[in-house]
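K.L.:
Below, each chain spelled out in residue letters.
2 protein chains.
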Amino acid sequence: MNKPREFDPSVVAELRALLGERVSTASAVREHHGKDESYFPYAPPDAVVFPRSTDEVRDIVNVLRRHRVPMIPYGVGTSLEGHVLAVRGGVCIDLSQMNRVLAVHEADLDAVVEAGVTRKQLNEHIKHTGLFFPVDPGADATLGGMAATRASGTNAVRYGTMRENVLALKVVLADGRVIQTARRAKKSAAGYDLTRLFVGSEGTLGIITEVTVRLYPVQEAMSAAVCAFATVDGCTNTVIQTIQAGVPIARSEIVCENTIAAINRYKKTAYRVAPTVFFEFHGSSASVVEQAETVQAIAKENGGMDFQWATRPEERSQLWEARHHAYFACLQLRPGARAISTDVCVPISRLAECVRETMEDVKHYIAPVPLLGHIGDGNFHLMFLVDPARPEELELAKQFNRRLVERALRMEGTCTGEHGVGMGKIDSMRRELGEDAVALMAEIKRTLDPHNLMNPGKVVPAELLA
Amino acid sequence: MNKPREFDPSVVAELRALLGERVSTASAVREHHGKDESYFPYAPPDAVVFPRSTDEVRDIVNVLRRHRVPMIPYGVGTSLEGHVLAVRGGVCIDLSQMNRVLAVHEADLDAVVEAGVTRKQLNEHIKHTGLFFPVDPGADATLGGMAATRASGTNAVRYGTMRENVLALKVVLADGRVIQTARRAKKSAAGYDLTRLFVGSEGTLGIITEVTVRLYPVQEAMSAAVCAFATVDGCTNTVIQTIQAGVPIARSEIVCENTIAAINRYKKTAYRVAPTVFFEFHGSSASVVEQAETVQAIAKENGGMDFQWATRPEERSQLWEARHHAYFACLQLRPGARAISTDVCVPISRLAECVRETMEDVKHYIAPVPLLGHIGDGNFHLMFLVDPARPEELELAKQFNRRLVERALRMEGTCTGEHGVGMGKIDSMRRELGEDAVALMAEIKRTLDPHNLMNPGKVVPAELLA
Chain A
0 MNKPREFDPS VVAELRALLG ERVSTASAVR EHHGKDESYF PYAPPDAVVF PRSTDEVRDI
60 VNVLRRHRVP MIPYGVGTSL EGHVLAVRGG VCIDLSQMNR VLAVHEADLD AVVEAGVTRK
120 QLNEHIKHTG LFFPVDPGAD ATLGGMAATR ASGTNAVRYG TMRENVLALK VVLADGRVIQ
180 TARRAKKSAA GYDLTRLFVG SEGTLGIITE VTVRLYPVQE AMSAAVCAFA TVDGCTNTVI
240 QTIQAGVPIA RSEIVCENTI AAINRYKKTA YRVAPTVFFE FHGSSASVVE QAETVQAIAK
300 ENGGMDFQWA TRPEERSQLW EARHHAYFAC LQLRPGARAI STDVCVPISR LAECVRETME
360 DVKHYIAPVP LLGHIGDGNF HLMFLVDPAR PEELELAKQF NRRLVERALR MEGTCTGEHG
420 VGMGKIDSMR RELGEDAVAL MAEIKRTLDP HNLMNPGKVV PAELLA
Chain B
0 MNKPREFDPS VVAELRALLG ERVSTASAVR EHHGKDESYF PYAPPDAVVF PRSTDEVRDI
60 VNVLRRHRVP MIPYGVGTSL EGHVLAVRGG VCIDLSQMNR VLAVHEADLD AVVEAGVTRK
120 QLNEHIKHTG LFFPVDPGAD ATLGGMAATR ASGTNAVRYG TMRENVLALK VVLADGRVIQ
180 TARRAKKSAA GYDLTRLFVG SEGTLGIITE VTVRLYPVQE AMSAAVCAFA TVDGCTNTVI
240 QTIQAGVPIA RSEIVCENTI AAINRYKKTA YRVAPTVFFE FHGSSASVVE QAETVQAIAK
300 ENGGMDFQWA TRPEERSQLW EARHHAYFAC LQLRPGARAI STDVCVPISR LAECVRETME
360 DVKHYIAPVP LLGHIGDGNF HLMFLVDPAR PEELELAKQF NRRLVERALR MEGTCTGEHG
420 VGMGKIDSMR RELGEDAVAL MAEIKRTLDP HNLMNPGKVV PAELLA
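Here the protein sequences come in this chain order: A and B.
Residue 0 is where the first sequence starts when you use numbering that gives the first Met the number 0, and the numbers rise one by one after that.
Residue 0 is where the second sequence starts when you use numbering that gives the first Met the number 0, and the numbers rise one by one after that.
Errors might be hidden in some of the hints.
No copy is singled out in the list; a pair is fine if it fits within one copy or between any two copies.
In silico SDA-like cross-links for lysine to any residue, where the CA-CA straight-line distance does not exceed 20 Å [claimed, not checked]:
{"#": "1", "residue 1": "K34", "residue 2": "F131"}
{"#": "2", "residue 1": "K126", "residue 2": "A244"}
{"#": "3", "residue 1": "K126", "residue 2": "G245"}
{"#": "4", "residue 1": "K266", "residue 2": "R430"}
{"#": "5", "residue 1": "K397", "residue 2": "L463"}
{"#": "6", "residue 1": "K299", "residue 2": "N263"}
{"#": "7", "residue 1": "K126", "residue 2": "Q243"}
Everything labelled a hint here was simulated from the structure, so no lab data went into it.
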């Protein structure tokens, strides 16, 4: 973890000249920045810098490029595929001190924030406006990190992912140029979609320093409910039929009985231990009642039991906190374990089949395998709990994941609905999109980052950049 | 128009070997393909080919690349910024014979079509399914062309533009590789967003041959209404307040009194001659009633007069046909004229101000200047009617447009909300996004199309490719 590496002291000296105390080579700081929530071995950077402005990021990039030092942007380190690991050393650019909300345009339903602002911070900041920002990965991630990984979460079924909710970005390119990818107009046909080029590029094409995001009016009524089902099939079929009926459902989250048991233990809740869907409905009071009635009828036909409602804000928060903490709750199913989280997303018509075959398969894993997911989008996660001291467990979990990815691809799905490629999904992405499409990504990468300094080892297969 | 050009006869011979009769050098065919709906002078290609499959497109591209001949993809020729003009000669690739709907996945709410399928053809094809495809530029454009220009239309305020509604593309690259940009999963974080790279690339990065689009359930109730206002400000304020109230309005289209008079004359309708908003509400019956009540109350406070309702499908069709034909109706305000259509889009908080200043300015134009637009998105069009025989009129209209673009940019807007860049908006785009962002587009263009053969002269400034 602390293996010595040759690192040019003049780089640190130049960075200190720019940033003073905001450069660290302390091993605790480096180690903290050399891991994320994934199962990959730690890979600490040689130094960590804490810029406070786009200009400082540009100056850092210019120093590092001149010295041919890798640079890894960092938000809060909650990614799941090794995105922030300094696998070739280099300098971690921690953007957490760029945490100002620069502008909230209430009338336009947008906000401009620095990359280090977290989703909860933004929502706290705009609470008084009657608006909210919907994209909610489990962790309280930064908006820069969420844009970089094309994150989504429980609201995506209605409000979309970061792909739909980023209006514009400020980006520092590898050669030090700073671009604004778009203006604040809600739509534009002005040239290539540079915004979407960087959304999901995982720090490999440039460093996002500002994000303009869309906001939404808090609806008059928001009601959440939990419904247990006899089977996982009952859950998936209910949500499929709900969407096909045109109900503008705001959230529809599945958890299996393993997950709900873990939540009960971790959160001291008392949900029935059965495959369960967490629903949320947004709209006018009348519309929410109507949506709820439609969905209850559909659920009933699919073996759904009673709906447990949460309508007061604090009840709703509790309910969604339970769901958002499912990942951490499940980790406790096997204390000391780390999780390999799968992330396939399939066309919804194949979801029931995909989940069914998968649950059958994972019966043979060495531990319970909790399932949780955004079924309205066809996206679900399994958590393979592995003992990090036992490489054979990691290998076994990876075999299950490979089979799952193959299954999803056979069903015209994707290997990653929202976690991104990082280091963990590079081969899966090649199988998904084919060599020519991935080669095109490599050509774009070489164009924007000819020395392969921007978060090297992620997204694009290394041999295509040699 | 028919100026002789050196064109290597062996190219035509090679194309004929591939396509037989489906290669034309007839001057009527070439002229037909050398113009769009814009004011630009005709620029016919040297030949036109009519492929019927992606493989044929690939073979054509390989022949043309080998001979260094420009290639211009063509749908139905309804673009407004000179997108299809063969300004450097070359071969027009007319995709209209690739017009098969390849798959409709009702349960997944998507369809896969060849690039030459038009939006009306698709909607006719899926009529029995209870689904529809919402994106509707005025013309019955092809889905390939709509993807290439990032088109939108009247439904975008609720359903998004082609940016949001294309799930995946099949694209023939300049070097003959064929890629599928994504699979059918509703969301994916698998690598760079190649889909969005080609959506809006206007044929300059590759030739789109297949499009996977999102479909939506036809809602239980769909009601349209027309409401006249005392002032244009009344129209814009009504729509702004509607959106801020969180009403999920499906359409909100403004026309000024000039436009409504033109529509009345062209369509034999009898709408009150005043600034008018065309609304549409989608949802359950109860929800539509509720939405309509909210909007009527807002309209009343802003000087709106009575709502004229259209609820039966044929009435709704008539109403929207009137709106969709507004462009052609306005052309008749000055017979023989061609139109320069503006396309700015601003943050909605600036819309009223932008429209007001603009209407004041255009009072000084030589003819009435109709206004129509998608105000829910902040996007509106003015039509400057020019006599093509009088270049001074064209120059005058361009001056007005330049002032309008500057005004929109000052308000953080875009020069083009939906028409695209083509030949007409290149300089505006540079002012909008800055030299570094446009230089990045040029670098991407050079990477994908090193010989500048894919629709040359469009989007990217020529001198950046020299």
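K.L.:
Could you run down the list of hints and mark each one as holding or not?
P.N.:
Against the structure, the hints:
no.: 1; hint: K34 <-> F131; verdict: neither (31 Å within a copy, 46 Å between copies)
no.: 2; hint: K126 <-> A244; verdict: between (32 Å within a copy, 16 Å between copies)
no.: 3; hint: K126 <-> G245; verdict: between (29 Å within a copy, 16 Å between copies)
no.: 4; hint: K266 <-> R430; verdict: neither (39 Å within a copy, 54 Å between copies)
no.: 5; hint: K397 <-> L463; verdict: neither (24 Å within a copy, 47 Å between copies)
no.: 6; hint: K299 <-> N263; verdict: neither (24 Å within a copy, 52 Å between copies)
no.: 7; hint: K126 <-> Q243; verdict: between (33 Å within a copy, 15 Å between copies)
Against the hints set out earlier in the document, violations occur for numbers 1, 4, 5 and 6.
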